[in-house]
Amino acid sequence: MKRSFTEGLSRKEMLEIKACTQCRECLRYCPVQEVTGDISIAPFEKIRQYREFIEQTEGLKSLLLKREIPRKVLEDFTKAVFECTTCGACGEACPVGIDTQRLWPLLRREMVLRGLGPIGSQRELPLAVKETGNPYNQPASKRYKPWFPEGVEIARSAEIAYYAGCTGAYQARPMVRGDVIVMDAVGEPFTMLGEEEEVCCGFPLFITGQFELLESLVKRLVEAYRSRGVKTLVCSCPCCVNMMVKDWPEFYGQKLPFKIVHITQYLYSALKKGMVVFHNEEPLRLIYHDPCYLSRGVGVIEEPRRLLRAIPEVELLEFDRHGRLSRCCGAGGAARKVFHENAVAIARLSIDEAVKKGAQRLVLSCPACYEKVNEAMRGYKNQIPIVDIMELISGVIKRRR
Amino acid sequence: MVLSVAYLRGIIYVIKVFGRKKKKELYLEGVSEKRTLLVSICDVVLFRRLFRVNKPLWLGEWLFHLSFTVVLLSHLRLILSVLPRWWYHVVCMGKYAGWVMTLSMVYILLVRASIDYRRYITPGNLFLILLILFSGLSGLLMRYIFRVDIISIKAYMLGLFAFEPASFPAYRMLLFHYLLALLVLIYLPSHIITAPLTIKEARRRQRQLTGRMP
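Chains as they are written, first to last, in the numbering used here: chain A, 1 to 401; chain B, 1001 to 1214.
Don't read these hints as lab results, they were simulated from the structure. Among these hints, one or two may not hold up.
[To be verified] Result set (DSS-like, lysine-lysine): computed pairs, CA atoms no more than 25 Å apart in a straight line:
{"id": "1", "chain 1": "A", "residue 1": "Lys2", "chain 2": "B", "residue 2": "Lys1034"}
{"id": "2", "chain 1": "A", "residue 1": "Lys255", "chain 2": "B", "residue 2": "Lys1016"}
{"id": "3", "chain 1": "A", "residue 1": "Lys255", "chain 2": "A", "residue 2": "Lys272"}
{"id": "4", "chain 1": "B", "residue 1": "Lys1016", "chain 2": "A", "residue 2": "Lys12"}
{"id": "5", "chain 1": "A", "residue 1": "Lys12", "chain 2": "A", "residue 2": "Lys255"}
{"id": "6", "chain 1": "A", "residue 1": "Lys12", "chain 2": "B", "residue 2": "Lys1034"}
{"id": "7", "chain 1": "B", "residue 1": "Lys1034", "chain 2": "A", "residue 2": "Lys255"}
{"id": "8", "chain 1": "A", "residue 1": "Lys12", "chain 2": "B", "residue 2": "Lys1095"}
Treat the numbers as computed from the prediction; the structure is a model and nothing was measured.
Could you put the whole structure together from the sequences, leaning on the hints where they help?
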């Protein structure tokens, strides 16, 4: 039986597809539009096209004008939906509140089920995750060893656990190293899964519409944390946090037996309780970049800023677009694996603005942003030192005695 | 006959698709539906989402939707035989709302054109804007220049609803206005029904996630 275009969508998504007013407000916020200007891949156009697919194949219009959708049209749509960084800025700016950060992965899923997606190297992700436990096809033995700080003790079981995440562990090591130093400075016992046990959270598979492995990955991770008596799971990667908060319960089949907390929330809470203090004498003018999946995804906007402002001698600048309307770094949605030039061009927009505003350091809090902005800086006319928020704080944090 | 069957099938299809069981989103559990509803009513009525991202356009859109509602309400006097006495005030407001509606359409066109005409106006949106603009203009012309007999129009409209149509009042401007109004009804965007629901969902998500993840 032929697959329906509405099969993978819930009532909410169906309403959203119908609710798009085609007002084009999203155009002004889409990072891919900023660097390509290609209207055919704009958010409103993807929704219009998908609505057209539904109307052409089912419902009233199909009865009157029955026709097949040409494969070329479907292929072009697939490219458009996979070229998106899934940053969700379009949805945040949408006057009718379409949750595009959730809608795009579902439309990608539909194209995957139709044999049209994913694109390029994204196809290799499931095999890499299955064989090595991470999407970078790196051995598990190198997950912690190259960056794990000396002298930090990991409890066998504890109420607090730290999840490093694959991108941090393999691609943005100063970031995860900073995380562990900060966790240690807070002084509460925390646990981590072993190198073989801590596998991909499932985000790269979810975002590319390849859901097949997700249930087993999620169950494996949740059960591992549960067996260690974990009540709070701390993580710094916004994509992982987003996946854990929104999708782990779906794939686990019930509410998670522990809370998910972003590391900035955890540290801010410790700072408020007076468990740690920050020492710094060097005047610093910083600019903070909100990761899409942290600000728009899970609404963590204030905590990173409060932490940065709590560092003595720090002046915090803001991008013109910040908070819920922040601009993507270009690395999102696994699009960087295929549409590399777009990703670099988008990252350079943030670099340019940070330099123009006179910041001394660009503070990031996402391993994918960290990797991509560093890459975009190579050979570029504008240069600014990049630092992860926990990497920065790990240099100024002291445990209160 | 064919059209009726197709139409009915379409209706059944819509009921089938939108009547699907609501997907339970576990991460959104625990958000007070009542409070969300109250806040999202404000979002819908005040177009708060648009206000946040585009204030000049918000002004035009909000004035248009408000005046369009008043214009529609004031037109009810033509299709309802009995109306409460206070409805007279709605009809009076309709007079001013007609001006606001027409001018807001011109304003919206100008705002969109000032951003980037080719990129920000779709042919469909432009068609609808022009349709409403000309129906507003023809309505104003009938009120101030080409006067029409309201009683004969009301008799015609009531006849339509009773399946006993009277002859159409012989006014060219009225015919033009009536045709445009029928086209507006045909092209009336479905977001009038769906957008309030998606706006409410957006508010619910925001309330659950902002600063307090599960």
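The hints, checked one at a time:
1. A:Lys2 / B:Lys1034: The given pair, whose Cα atoms are some 41 Å apart, is violated under the 25 Å limit.
2. A:Lys255 / B:Lys1016: Judged against 25 Å, a Cα distance of about 29 Å means the pair is violated.
3. A:Lys255 / A:Lys272: 29 Å, violated
4. B:Lys1016 / A:Lys12: 14 Å, holds
5. A:Lys12 / A:Lys255: 21 Å, holds
6. A:Lys12 / B:Lys1034: 19 Å, holds
7. B:Lys1034 / A:Lys255: 23 Å, holds
8. A:Lys12 / B:Lys1095: Violated. Lys12 (chain A) to Lys1095 (chain B) sits at ~39 Å, over the 25 Å cutoff.
Hint compliance for this structure: hints 1, 2, 3, 8 are broken, all remaining hints hold.
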